[in-house]
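A.B. asks: One-letter residues, chain by chain:
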Amino acid sequence: MHPATLRRHAPLTLSLIAGLALWEVAGRSTSAAFMAPVSATLERLRELALSGELTNQLISSATLFATGFALSVIVGMPAGLLLARARILRVAVEPYIVILYATPMVALIPFILSMMGFGFAPKVLVVFLFAVFPILYNTIEGARSIRPELIEVARSFRSSEWALWREVMVPYTLSFTMTGVRQAVGRGLVGMVAAEFFLSSTGLGQLIMGASQNFDTAGVFAAILIIWILGVALTRLGFMLERRFAPWRE
Amino acid sequence: MSSSALAPSAALRAPSSRFADVVVPRLAAGLGIVLIWEATVRAFAPPYVAKPSGILLAIPRVIVDPAFLAATGSTLAAVAQGLAIAIVFGTALGLLIGRSEVADRALRHYVNGFNALPMIVILPLVTLWFGYTGAARLATTVFAALFSIVVNVGDGARSVPREYIEVARSFRSPRLKTLGDIVLPSAMPYFLSGVRLAVGRALIGAVVAEFFIAIGGLGYFILFNSRSFRHDEAFVGVLLLAAFGVGADALINWSTRRFLPWYRRDEKGE
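Just so you know, the sequences run in chain order A and B. FYI, in our numbering the residues of the first sequence are 272 to 521. FYI, in our numbering the residues of the second sequence are 2 to 271.
Source of the hints: derived by calculation from the structure; they are not laboratory data. Hints are not guaranteed to be accurate.
Said to hold, decoys possible - Sample of chain B residues with no beta-carbon within 12 Å of chain A, all distances over it, derived:
id: 1; residue: Phe69
id: 2; residue: Ala85
id: 3; residue: Arg106
id: 4; residue: Leu126
id: 5; residue: Glu164
id: 6; residue: Ser187
id: 7; residue: Met189
id: 8; residue: Thr257
id: 9; residue: Arg258
id: 10; residue: Trp263
Claimed, not checked - Taking beta-carbon pairs under 8 Å as the criterion, some of the chain B residues facing chain A (in silico):
id: 11; residue: Ala68
id: 12; residue: Leu70
id: 13; residue: Gly74
id: 14; residue: Tyr111
What the hints assert, rightly or not - Computed list of chain A residues with no C-beta within reach of chain B, every gap over 10 Å:
id: 15; residue: Arg279
id: 16; residue: Gly290
id: 17; residue: Leu325
id: 18; residue: Pro349
id: 19; residue: Tyr367
id: 20; residue: Val377
id: 21; residue: Ile422
id: 22; residue: Glu423
id: 23; residue: Trp436
id: 24; residue: Glu438
id: 25; residue: Phe468
Remember, it's a predicted structure, so these values are computed and weren't measured experimentally. All C-beta atoms, glycine included, are put in the ideal place defined by N, C-alpha and C.
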């Protein structure tokens, strides 16, 4: 290998090997209920995958996440555009959006539980509440940053409100919405796991809970690994979408 | 109404006053939200469900309740401790990966990886490691807060203008002194936006930990009261949490403007 390439990749390779070794040693040198080594975690992951349990729980979690997330895009984007367009409306509700954005949404879970019970809908609501605000907020900020000239030009060509939205507002704002979507991925995943922990136990959350109640630490690590991969993959996807819709933003 | 209190852009738009333009619509919207909430709950929901009038009546009762005060103190202490630990270690780690290319290549993937992990999944692990104790809650808040500080301080330390460093080098400034006198102040805005994220995450961490571990605190206060169908009382806890979130945000925005006026990254339009 070329020495420069070697120097470039050596720190990463070495640190990955060191990290895995540390995980393995830490797992082996402590009690099995405390920490599971990589080898045991991967072995458990293989068992879970072969038994079909992993697939089932993954599908259950993915359905929950996708429903809640889709809802927050469907609500967040049009609402954001509307608020950016209607100045009086935006001025009126902006402080309340800021307050809700800064409120730890988890605190609402006990209320959702006692009012809506254990079904699918309350869990979707939790994911929605976690994910919607970054999307809404970034859409408003994006649509507000449209240069007034663009709207004035459209107006002087007698563009209808509908055409203005379709040709100017939506295409311009989409990249900002995608920034919100990327930020919302992490929050939405927290919402998903929180819903699965604290409302009816399903999906990957149930996998973690069940494993930890059985002191199956390898199972806990295996489930965390899957959620982590999900988080990294979805965040990557968010970055890709952001770039895809914003070739003109630096 | 004194014009000196107005922002310059608003002053230019005068004579239509800020009061009619901004305050009235906001108050109207707030009133509207409260009325719709009150009416909906009265019409459709069981009587225990929180509604504005009930919450208002509960506030004077709750804020003198010693149990509530103890819960608030306990949660805030855990958040403050967790943030302090996260800030010390997060800043050190951030400076390291921001200024050393080797450290960056070696550690960046771990930092980004942990940052992408929904922190709530570690709850079962921290209870395994620390038991159902306050230490488990503290560990959750540290874990929740740490990585946003590392990432932001790292970005800040990386983006120090090269000329600054070169000037320091040519005056033979020792590396540690350069770090303290140039890199750290220059990374300050990034640090503050990292802290702003961290505060929110630490609050969430403390609340979910209390739900999970069932130890005394605001989160548990909310859980306990809503389970015993005292939603109005429980909601006072939510309001307090929201106030902390908003207050911390405002404090950090204010300090950025007050102490780092040269910083203009996320300057808002109006």
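A.B. asks: A separate judgement is required for each hint: does it hold in the structure or not?
C.D. replies: Hints versus structure:
no., hint, verdict
1, Phe69, "14 Å, holds"
2, Ala85, "19 Å, holds"
3, Arg106, "4 Å, violated"
4, Leu126, "6 Å, violated"
5, Glu164, "22 Å, holds"
6, Ser187, "21 Å, holds"
7, Met189, "22 Å, holds"
8, Thr257, "16 Å, holds"
9, Arg258, "16 Å, holds"
10, Trp263, "21 Å, holds"
11, Ala68, "17 Å, violated"
12, Leu70, "18 Å, violated"
13, Gly74, "17 Å, violated"
14, Tyr111, "7 Å, holds"
15, Arg279, "7 Å, violated"
16, Gly290, "7 Å, violated"
17, Leu325, "15 Å, holds"
18, Pro349, "18 Å, holds"
19, Tyr367, "7 Å, violated"
20, Val377, "5 Å, violated"
21, Ile422, "14 Å, holds"
22, Glu423, "17 Å, holds"
23, Trp436, "20 Å, holds"
24, Glu438, "22 Å, holds"
25, Phe468, "7 Å, violated"
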